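Student: Note that the protein sequences, when read in sequence, are chains A and B. Counting from 1, one number per residue, gives the positions in the first sequence under the numbering used here. Counting from 1, one number per residue, gives the positions in the second sequence under the numbering used here.
Heads up, some of the hints might be wrong.
[Said to hold, decoys possible] So the derived list for chain A, only partly shown, Cβ under 7 Å to chain B, looks like this:
1) V63
2) P148
3) G156
[To be verified] Covered stretches of chain B, going by a simulated chain A footprint (3 or more residues, C-beta under 8 Å):
4) 25–38
5) 54–67
6) 132–144
[Stated by the list, open to error] Taking CB as the label site, the calculated pair distances span:
7) B:G81 <-> A:A105: 49 to 57 Å
8) A:A190 <-> B:S26: 26 to 34 Å
9) A:L195 <-> B:S26: 33 to 41 Å
10) B:G41 <-> A:G87: 21 to 29 Å
11) B:P108 <-> A:G87: 30 to 38 Å
12) B:E87 <-> A:A121: 49 to 57 Å
13) A:A190 <-> B:R138: 25 to 33 Å
14) B:A151 <-> A:A76: 53 to 61 Å
15) A:E136 <-> B:R52: 53 to 61 Å
Worth flagging that the hints you see were computed from the coordinates, not collected in a lab. These figures come from a predicted structure and were not determined experimentally. Glycine included, each C-beta is placed from N, C-alpha and C at the ideal position.
Single-letter residue listing:
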Amino acid sequence: MRPPSPRRLLRTTTGLRGRLIITVVSVTVLGATGAAWAGVQRSATSLIEINQEHRTEDLVSRVTRAAPSVLYPPDADALDQLRGEIGENSLVVHQDAASGEGVFATGTALVPAQLREAVRAQTAGEHGHVLSQRVEIDGTPWLVIGAPVVVTEPDGARTPSGIEVYSAHDLTPVRDQVDALVRGAATTTAATLPLAVLLALLASRSVLRPVARLRETAQHLARGELDARVEPTGVDELAQLTRTINEMAASLQESINSIAALEEGSRRFAADVSHELRTPLTTLTAAVEVLHDVLSRAEAPGVSDEAEARESAHLAVVETRRLVELVEDIMEIARFDAGTARLRWERTDLVKVISACVRHRGWTRDVVISSPAGEDDREVVADRRRVDVVVANLVGNALAHGGAPVRVDVTATGEGVTVRVTDSGPGIPEDALPHVFSRFYKADTSRSRTTGSGLGLAIARENALLHDGAISAANHPDGGAAFTLWLPRRPTRATCHLRDEEQDP
Amino acid sequence: MRHRPFATAWAGLALIALTSCGPQLSTVEEGPSAPTGIAAGTTLYFLDDDGRLTAQHRETGRLGTVSEAVSLLLTGPGGSGLRTGIEPTTVTRNQVTVNGELMSVRVPVSSAEVSAEGIDQIVCTAFASRVQSGGPDRTRVAIEFTDRPEAPRSCPALG
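When you get a sec, could you build the whole thing from the sequences and use the hints?
Tutor: Below, the structure written as structure tokens:
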């Protein structure tokens, strides 16, 4: 196995995983060490205290037990007797005389000066106490206990006797016990280390797995796979992040889709426009060529030539008009798409507008306008010119594709006015119904050459929508196509304009 | 910079570990009361001419036990001019048992051989000896005569 490269090692220790592991291990080991240290400290202290307490009480009881049989004032034998009762490593001092054994065999020399002074300074009385001190003698810890022996009167009064007793105890066994405690604690702490590493690895995995999944998803999104998602698990911050990324991906997908749809629409529109422009231009070209031929043979005009020329000129005029109409419609559609269409809001009586529209276009003979009697309120707030365009398109369409007579019914409700245009033709094929308002859609495929631009119904629909209205196509049960336009009384977007108008004197 | 707190903690831990092993050297520490029980002689209680309790210091060279003090008391005041409320007896052997703050003294005389003052003499002598050898000063003494026991009591001379 190849040793890990320095860069990889650096990434492992400074990355999210490395930091997590270092933190968890540090916290665990610090905690374990702290707890172990506190426990050892407490145990060691009480071990030493108990030992010390036991030793001092033992000295007191030994001296007290032996004292009544000791000669006072003491001679050398009496000091030896008392020292013998105290046990090993003991010393009894009275004035200049001393009796020592063990570490104190040489007398008072090894008694810690501080302890000796404190024992002698005790004004015995009520306050005579046993004193102790832990010292080091020849590199070994010792507990040295010293006390004055006091004389108690029958009435309880205590006076110093001048005798001092000392005893020393080797603390090596206690130290060994404390060392064992420390070793045990250290072992326990060391045992937590692999456990902590394991714990940290598990924790880092549980944290980093969702992160890896998120990264994977982000890579998919970056490659353009917009339907990539992550299943959020849990309720933590990572789950929130996951949900946010999902939402982001969804909104990204949505906007890209709508951009694509728009692009597709405009591409098709451009193609349709080219196609629609080519057809009249082809006809125009042919007509103009005929005219050219006729004019080049002008020296010997014949009857047939003249008639041909007249027909071609007529055709050229018709097609030119149609081209102008087509271009105007395309410009109108372009204004709708750009959102720059401006409306001029006015109170409009629909029946009046429809009548004027039919009259101006000379359709009076073929169109019947009906409105239920007693319904005077057919007034809406609308742009009269656009309503005129919509009605002209609907009626013109009915006359061109359906057939006379055409009925226009105007009915009013509280919220709006409905205009229904019904023709007497064969109706619209069912499969064509959903598409009649599409741009350049031609229901009658056999008749590719029509008088209209193919944009009339699309423009009507856009105008209805500008009025917050609706337009729909259906077949009448009695035959014939029925187009229904509904306009609200007061479109939302017209309200402020109208108010301005009303306030104007 | 980021790992500075950890470094501090580790350093502190190392310092603690270094300074915490084994029994520490110390200054002088104060423990229980100093031992006692040393004395030049025994205190006995006799009666003066007016029948009042009087302490007599008997120079024995050492304090001795309670039992020894009671034995000395039973042997009488000798030629000191003091009186005793206990009939003379040749047998001075007695038995002392201590149970906490209660001390029983079994004497080789009957209650008839001891006057009321004599009972106080025994009680005070035993009590004084007990206190001098480090016993509690609330000790009560019960005398057991050969015929009957006496209720526990304290020494009237020593409160």
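Student: Each hint needs a verdict: does it hold in this structure or not?
Tutor: Hint-by-hint comparison with the structure:
no.: 1; hint: V63; result: holds (4 Å)
no.: 2; hint: P148; result: holds (5 Å)
no.: 3; hint: G156; result: holds (5 Å)
no.: 4; hint: 25–38; result: holds (count 14)
no.: 5; hint: 54–67; result: holds (count 6)
no.: 6; hint: 132–144; result: holds (count 4)
no.: 7; hint: B:G81 <-> A:A105: 49 to 57 Å; result: holds (51 Å)
no.: 8; hint: A:A190 <-> B:S26: 26 to 34 Å; result: holds (31 Å)
no.: 9; hint: A:L195 <-> B:S26: 33 to 41 Å; result: holds (38 Å)
no.: 10; hint: B:G41 <-> A:G87: 21 to 29 Å; result: holds (28 Å)
no.: 11; hint: B:P108 <-> A:G87: 30 to 38 Å; result: holds (37 Å)
no.: 12; hint: B:E87 <-> A:A121: 49 to 57 Å; result: holds (51 Å)
no.: 13; hint: A:A190 <-> B:R138: 25 to 33 Å; result: violated (56 Å)
no.: 14; hint: B:A151 <-> A:A76: 53 to 61 Å; result: violated (47 Å)
no.: 15; hint: A:E136 <-> B:R52: 53 to 61 Å; result: holds (59 Å)
Consistency note: the structure conflicts with the earlier hints numbered 13 and 14.
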